[in-house]
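Visitor: Quick mapping for you: the protein sequence lines, in order, are chains A and B. Take any residue in the first sequence, count from 1 to its spot, add 108: that is its number in this note's numbering. With this note's numbering, letter number 108 in the second sequence gets 88, and the count goes up by one each step, no holes.
None of these hints come from the bench; they were simulated from the model. Errors might be hidden in some of the hints.
[Said to hold, decoys possible] Computed beta-carbon distance windows for the label pairs: (1) Pro56(B) x Phe512(A): 48 to 56 Å; (2) Arg128(B) x Ala329(A): 42 to 50 Å; (3) Arg496(A) x Val22(B): 35 to 43 Å; (4) Leu122(B) x Gln303(A): 52 to 60 Å; (5) Ala272(A) x Leu57(B): 43 to 51 Å; (6) Phe512(A) x Leu122(B): 48 to 56 Å.
[Unchecked claim] List time: in silico BS3-like cross-link candidates among lysine-lysine, alpha-carbon distance up to 25 Å: (7) Lys85(B) x Lys232(A); (8) Lys224(A) x Lys192(B); (9) Lys450(A) x Lys408(A).
All C-beta atoms, glycine included, are put in the ideal place defined by N, C-alpha and C.
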Amino acid sequence: MPEMAPPNLQSVSNGTVSPGPQAVGLLRWVEFMGLQDLQVGYLFSSTGSYELVARSMLNGALLAAEEINASGLGIRFEPSVLNPGGDLSQYSALAAKLLERNIRHVVGCYTSSSRKEVIPLFEKHDALLWYPSHYEGFESSTNVIYTGAAPNQHVLPLVEYLLAHHGHRAFCVGSNYIWAWENNRILRESVSARQGSVLAERYFAVGETDFRQAIEAIIEARPSFVFLTLIGTSAYQFFRDFRTACRARGIDQAREIPVASCSLSEPELQAIGEDAVDGHLSSSVYFCSIETPANLRFLKAYELRFPEGPIASADAEASYNAVWLLALGVAAAGTDEPIAVKEELIRQHLDAPQGAVWIDEQTFHAYLTPRIGRSNRNARFDLVSEARAPVQPDPYLVHNSARFEAAGVPSLRLVS
Amino acid sequence: MTEPRLLQNFSGGRAIVVTDRASSLDVLTTALDRLGVTTNPVDIVGSIAAIDLATLQPDRSIVFIDGDISDGAVLPLSTIGRLPPAPVIGLLGVSAPSRLKALMKAGATSFLRKPVHVAAVYPALFVGVNEYRHRRHLERLLEDQERRRRSRRDVVKAIIRTMSEYGIDDDEAYDLLRRRSMRTRQTLEDLCKDLARSSDRQEDGECVLRRKLAD
Chain A
109 MPEMAPPNLQ SVSNGTVSPG PQAVGLLRWV EFMGLQDLQV GYLFSSTGSY
159 ELVARSMLNG ALLAAEEINA SGLGIRFEPS VLNPGGDLSQ YSALAAKLLE
209 RNIRHVVGCY TSSSRKEVIP LFEKHDALLW YPSHYEGFES STNVIYTGAA
259 PNQHVLPLVE YLLAHHGHRA FCVGSNYIWA WENNRILRES VSARQGSVLA
309 ERYFAVGETD FRQAIEAIIE ARPSFVFLTL IGTSAYQFFR DFRTACRARG
359 IDQAREIPVA SCSLSEPELQ AIGEDAVDGH LSSSVYFCSI ETPANLRFLK
409 AYELRFPEGP IASADAEASY NAVWLLALGV AAAGTDEPIA VKEELIRQHL
459 DAPQGAVWID EQTFHAYLTP RIGRSNRNAR FDLVSEARAP VQPDPYLVHN
509 SARFEAAGVP SLRLVS
Chain B
-19 MTEPRLLQNF SGGRAIVVTD RASSLDVLTT ALDRLGVTTN PVDIVGSIAA
31 IDLATLQPDR SIVFIDGDIS DGAVLPLSTI GRLPPAPVIG LLGVSAPSRL
81 KALMKAGATS FLRKPVHVAA VYPALFVGVN EYRHRRHLER LLEDQERRRR
131 SRRDVVKAII RTMSEYGIDD DEAYDLLRRR SMRTRQTLED LCKDLARSSD
181 RQEDGECVLR RKLAD
């Protein structure tokens, strides 16, 4: 294992590095010993239709555990890694297996449907799920710590950017589940408020790869942009087929009908292939191209540890942050008891690869820094927009949405 | 009358909680706080009778009533729709028919099972408040229909007089009145009432009618 330097740690009230055992009493010593082989569950679908992202998440989580174990923090994590294979029914079975072994902290899940599948188990066992992926919001379980972006940290910034720079006529294509439905609702609200229009919403089963009809419809409609909420292999195929279809008609797809996504990450750019990799917009709190010392350190360690890939991504960083925040919470609490960890967690600050990250005590979502990137031919993102500071999570869009849903276009007829 | 838009963001709302177990409200008040709904200590009361009705706002207040309380007090309900002055969400302990009936009679449009689960609060608010708004809309429609029903006599009068004045049949008379009401941005019933009263007041009622219906 290469020598790794942990992130810079800050703590509002406590030092984050535990005192040596010789300096504490017997009780503290017992607690300290209890933190030496702490079982942590990792639940990632490293096979299946979204395996690429999930493998990068697993890598981020594994890297963090190794760094923590070498950091002198006084904690040793022993990850138990289980793979549901992208099969929804496997998530609850495997989560139950982890929780029945008295594991109290599990890092994992990518899709919202998988998260919702396992939450009742975490509530039953009084355990904590550390959910390290961006999602559509409208949830705040007391048994979940959300380290990925809330909708006001990635969906709304992208919608604002698209409407300001690309026009008001949207065409939505997505995987048929809550992630796409809710993102499209948010888009529709914003577009309607500006007298724009959503030309169509097309949904496909997760894993679907035949988009010929939808692509024909898009080219026919000529929207200002395509708002893409397809995930995994579906998304990669869409990018390739859409670029090919546009090229055949002499359309400069990236310039004339850009595709924008809230989930596109670097490992996926590689999967799309070099022929269609460039010119896509993505909204995220992390891109590999962020040039901070913490990110350069993270990337170096990640690439050394996982030379076979997949490369780092926003979800890998969120997983990495989740494990580090868990470690800081456990170290500060002196126990892995979930309530105590949550109490201490809100006082921890992490100098994460994306910048400062900390947990909001009201919602247990993370303060994160929104950014928008445009993909280039090197399968990386060039930053085109960046928030000045970490943004407070607003999972219910209490501070970022209209009181009422957007009004539909009234159907009027001439009466005289 | 336009169907009300769905309320989706409850920020700025005010919760009034009727319960005799104020100590067990942590989950509810924390969840409401996350949604931007404030619960002031003075708004946690032990009886419906203790609610200051003058401060209730149908668009901002949300009343949570513990179904396990039975003090005989009730919120005043509207005549037609039997609606309380603000949306009511029932807190269900015992799910027996008598308790459910009591909460329904209090105007509850959704329920939260006790102990309250944090994930259930937003859906309960969403359904309860929007169902209340929908029922209020239906109540206004009913009131409007009732008002129109009471105006039938004036409409009949106006049609007969128009037929007589212009020598046209009832369909043409109705059409003339309807077009006039749209031009003057009045309901047909209001126009007819106006015409009927003007005609009743003046001996040369037919001239008044012609003048009022003139383009």
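Visitor: A separate judgement is required for each hint: does it hold in the structure or not?
Guide: How the hints compare with the structure:
Between Pro56(B) and Phe512(A) the C-beta distance comes to about 27 Å, which lies outside the given range of 48 to 56 Å. A beta carbon spacing of about 44 Å between Arg128(B) and Ala329(A) agrees with the range 42 to 50 Å that was offered as a hint. Between Arg496(A) and Val22(B), the C-beta spacing of about 40 Å keeps the proposed range 35 to 43 Å intact. For Leu122(B) paired with Gln303(A), a C-beta distance near 34 Å fails the hint of 52 to 60 Å.
Between Ala272(A) and Leu57(B) the C-beta distance comes to about 49 Å, which sits within the given range of 43 to 51 Å. Checked against the hint of 48 to 56 Å, the pair Phe512(A) and Leu122(B) fails, with Cβ atoms roughly 23 Å apart. The hinted pair formed by Lys85(B) and Lys232(A) fails the criterion: a straight-line CA distance of about 35 Å is larger than 25 Å. At most 25 Å may separate the alpha-carbon atoms for a hinted pair to count; Lys224(A) and Lys192(B) exceed this at roughly 66 Å.
Distance hint between Lys450(A) and Lys408(A) is unfulfilled; the C-alpha atoms sit about 31 Å from each other, more than 25 Å.
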